[in-house]
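Participant: Numbering (my numbering) for the sequence shown: 1463 to 1670.
Incorrect hints may have been included.
In silico BS3-like links for lysine-lysine, alpha-carbon gap of 27 Å or less [what the hints assert, rightly or not]: (1) Lys1647 / Lys1579; (2) Lys1483 / Lys1526; (3) Lys1483 / Lys1498; (4) Lys1466 / Lys1498.
The set of hints was computed from the structure by calculation and includes no laboratory data.
Small disclaimer: the values here were computed from a predicted structure and weren't measured.
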Amino acid sequence: FYSKRLMRLLIEHALSFLPLKSVTVETPQGTTYEGKRFHRQRITGVSILRAGETMEQALTAVCKDIRLGKILIQTNHDTGEPEVSSARGHGAEPCGAVGLGDQTSLCSQLHYLRLPKEISEDYVILMDSTVSTGAAAMMAVRVLLDHDVQEDRIFLLSLLMAEMGVHSVAYAFPRVRIITTAVDKRINEEFHIIPGIGNFGDRYFGTD
């Protein structure tokens, strides 16, 4: 209950940063009300699997018709960096679809990618429940940029981030908006946030 409530508050706060225009609506009582409406093309949600999926329900509850995408980037627990692996999940785009300089290197680290079509003009809500080093989040941002999403239209949402992750993402992508509910100062030698909230994906889905 508490995590779902916190996710919804986080998403509602993030949506307040979208470009809005003033609109006048007529109420059922026949009076007028001055409100706000999102006036760009679309909003798309992209979750970094699998912990980012925990935030999808809150996002769809607030934005009923939002499109969703998924990115799976396996992190090496010894280095804290995205793991090198040639595996790709069913439905993932071919390596040629992800071309940021060294295509082979990037594709070997990207396990699965599914993005909605014509995402380049969208505002993208990028979701990961926790961000420690920021390595996976930065790779996800690079994938979105490679699909022509504008950097200032990417919102990175997380329940908890480490200071290191915040600084890493902000330094690499200064126009990405970072929105989180809390920041912890340290990560340990296993790249876990301290004090942190543990493996949030496992706790949320009830798995080990």
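Participant: I'd like to know which numbered hints this structure contradicts. Please list them from smallest to largest.
Facilitator: 1
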